[in-house]
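*Asks:* Given only the sequences and the hints, what does the whole structure look like? Please build it.
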Amino acid sequence: MTVASGGTRGAAPAVSHHTITVLVENRTGVLARVSGLFARRGFNIVSLAVAPTDDERFSRITIVVDVEQTSVEQLTKQLFKLVHVVKISELAPADAVERELLLATVRTGGDNRSQVLELVGVFEGKIVDVGFEDMTVMVAGNPAKIDAFEDLMRPYGITELQRTGRVALPKLDRTLARARGQNESATRLGGVTGKAS
Amino acid sequence: MKLTGAQALIKSLEMEHTEVVFGLPGGCILPAYDPILDSPIRHILVRHEQGAGHMAEGYAHVTGRPGVAMVTSGPAATNLVTPLCDAYMDSVPMVAITGQVGRAMIGTDGFQECDTVGITRSVTKHNELVMEPDEIPLRVRQAFHLATTGRPGPVLLDLPKDVLQAEMDWDWPSDADVVSSLPGYKPTTRGHPRMIKEAARLITEARRPVIYAGGGILKARAAEALRELAELTDIPVVTTLMARGAFPDSHRLCLGMPGMHGNYTAVTAMQESDLLIALGTRFDDRVTGRVSGFAPGAKIVHVDIDPAELGKIRRPDVPIVGDCRLVIEELVRAVRALLEQAETTGARTGADEWRSRISGWQERYPLHYDAHFEGDPLKPQYVVEVLRDSAPEDTIVVSGVGQHQMWASQYWRFEHPYTWVNSGGLGTMGFAVPAAIGAKVGRPDRTVWAVDGDGCFQMTAQELVTASSERIPIKVAILNNAYLGMVRQWQEMFYEERYSEVYLSPDLPDYVKWAEAMGCAAFRVESPEEVGPTIDKANAIDDRPVVIDFRTDSREKVFPMVPAGASNDDLVVHPSQGPGGERLVQ
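Order-wise, the sequence lines are chains A and B. Here our numbering is used: the first residue of the first sequence is 1, the next is one more, and so on. Here our numbering is used: the first residue of the second sequence is 198, the next is one more, and so on.
Hints were generated in silico from the structure; no laboratory data involved. Each hint should be verified, as a subset may be incorrect.
Subject to a maximum C-alpha distance of 30 Å in a straight line, what follows is the list of computed DSS-like cross-link-like pairs (lysine-lysine) [what the hints assert, rightly or not]: (1) B:K509 with B:K496; (2) A:K81 with B:K496; (3) A:K81 with B:K394; (4) A:K81 with B:K509; (5) A:K87 with B:K394; (6) A:K87 with B:K509; (7) A:K87 with B:K383; (8) B:K383 with A:K171; (9) B:K383 with A:K81.
*Replies:* In structure tokens form, the structure reads like this:
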């Protein structure tokens, strides 16, 4: 498992990047079941984020995986066979809001401190820790923005870097007629489920 | 009512109508073995935990009810891994109970501790480590529900020793409790009406259709429905290795087994078909051969209860998720409606031509083996034929894995569902003896013959001690060719007869002495004249297990054969039947 760093860069043409959100029962070992299935069926996880939802009985796992379209179908169907998996949505980048958080410790010796501060300001980030020769900064945003920030910081010297992997939710419907009929947040998790087909 | 966790476990098994548990006690599961003494549940003490698992499978295969195996922690749990995987591959309903070290010990590498749930995660439909005694009834109910609904499979419950010892408040959950406790589990059983209509249209329009019936037919109790569909549409049926018996071999529409060692007509009819109606089957590589060359001109209607099977190997034109029986019944209705609408006489376009091509193949390429020469060892196919002809019609046949399995499947005549038990997906050598014991426990009224190989027999033969002491009179026919026969066949055909590590010796062990030592009646047969009379003698014995050591010809190979990785078009028939064989067989 690798941490996200640049999405589909360098991937074979048929393979593309898919974001799958998996609603699971919040039980011991669920993550092992899900990640074990990826390993067993030969799928490589690009990034993965897990956290409980507002309903503490459930957690949401957001997984980015680079596979072909036919494989992603097979993957979601196999995932859906796990008893603790309640719902699966595949989020196409155009239909989802995706966010990721980055923490980086950057060398700020010499005249660099003000430049780094300026860039953090441009990216609406925060300084979370300051040392004599370095600084730890935080930036949150969509993954492309995080990629750009990381590229801009590199020349100053990054000594530590941690990205969370992306989390995602579907974009909300803005057509009036449909919005009226939509009162359960659960139904918004439309997308592809394991049952489709 | 206050019970111990162990009492709750056994009571829960009783509530689930468990009549028999196959198992072997040990440290961590000890508490559960005390209430067993007072329970009406029959416990069968195995000699090795793998045997318990395969017995549970054999029982499940013939009864349709989940087999239950109970063993202790650590090595006992790991010994159960093979049968769990076997049951998972062949969708066999099974509930496994394993002991575990006490809760406080978990994770400390305690004596006989292993991560059973972690180890068995990928070979079970579901598993749970039960951490609270109060949970036991719900977990047991869930286990039986999961094992038997949707696509059946093995479910394992891992019970720490102190959970079994602790007191709990007995409360038996309702059906609704079980369903609501599994929010992510809702198998689809009813087929999509639009897809069923579309499938019916394809069926009535096809010129060269074949029904490709798999083990799902048996799991769904759909043999009757299958027969109705085949007869209504006059479409020939192939029955896969897992589906032998799902459609009677004597039926005029039955083409027999397809696949790597399928008969010529079944394989070729699928290759030439324009519509495959795949029912409860998963396009296994042993059926399809090279996938890109499999039934290239066929449209596919694929019915399966597991959505993940649809499109896994071959993209269907009409995918239908649902229970085979329910979907086939709907299909029958839809086809009947179409036929009535069309006011046709029922004759499908091209039906006569298709039928005559099929009967041409059947005449030209029947199953065939060479005649016996005086002084040669027995022909294994002949032994299977005599066994078949001497056995009552509803005899249950169980096999291990290898040449003998293929000959049993090819040469037996299966007339009834649930009369054939074998390890199809995992190909577990040593399956036959314990699975036959489980089958006989499930159907004590039936004759149960295990057709086994000498290699397989040596892997699990000790369970015959179980059979003798529990008075389970199974019969075992060892086709003893002194080799790991299937491996030998591949080394002969594909490795220039360089035989590497496949010779086993016909006399070591002495199978007759060994069987007698285990409390069985035992015979050795070396000449064709003795075959029939000895089988008759074996059939007459009903107070203990019987083992017959048939000395068979090690040069015999299983034909037809699709070489691994080849297209089914390149089926190699018996050398006497055509030029195809001579390329590979000297």
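*Asks:* Need the list of violated hint numbers for this structure, in ascending order.
*Replies:* As far as the earlier hints go, not one is violated by this structure.
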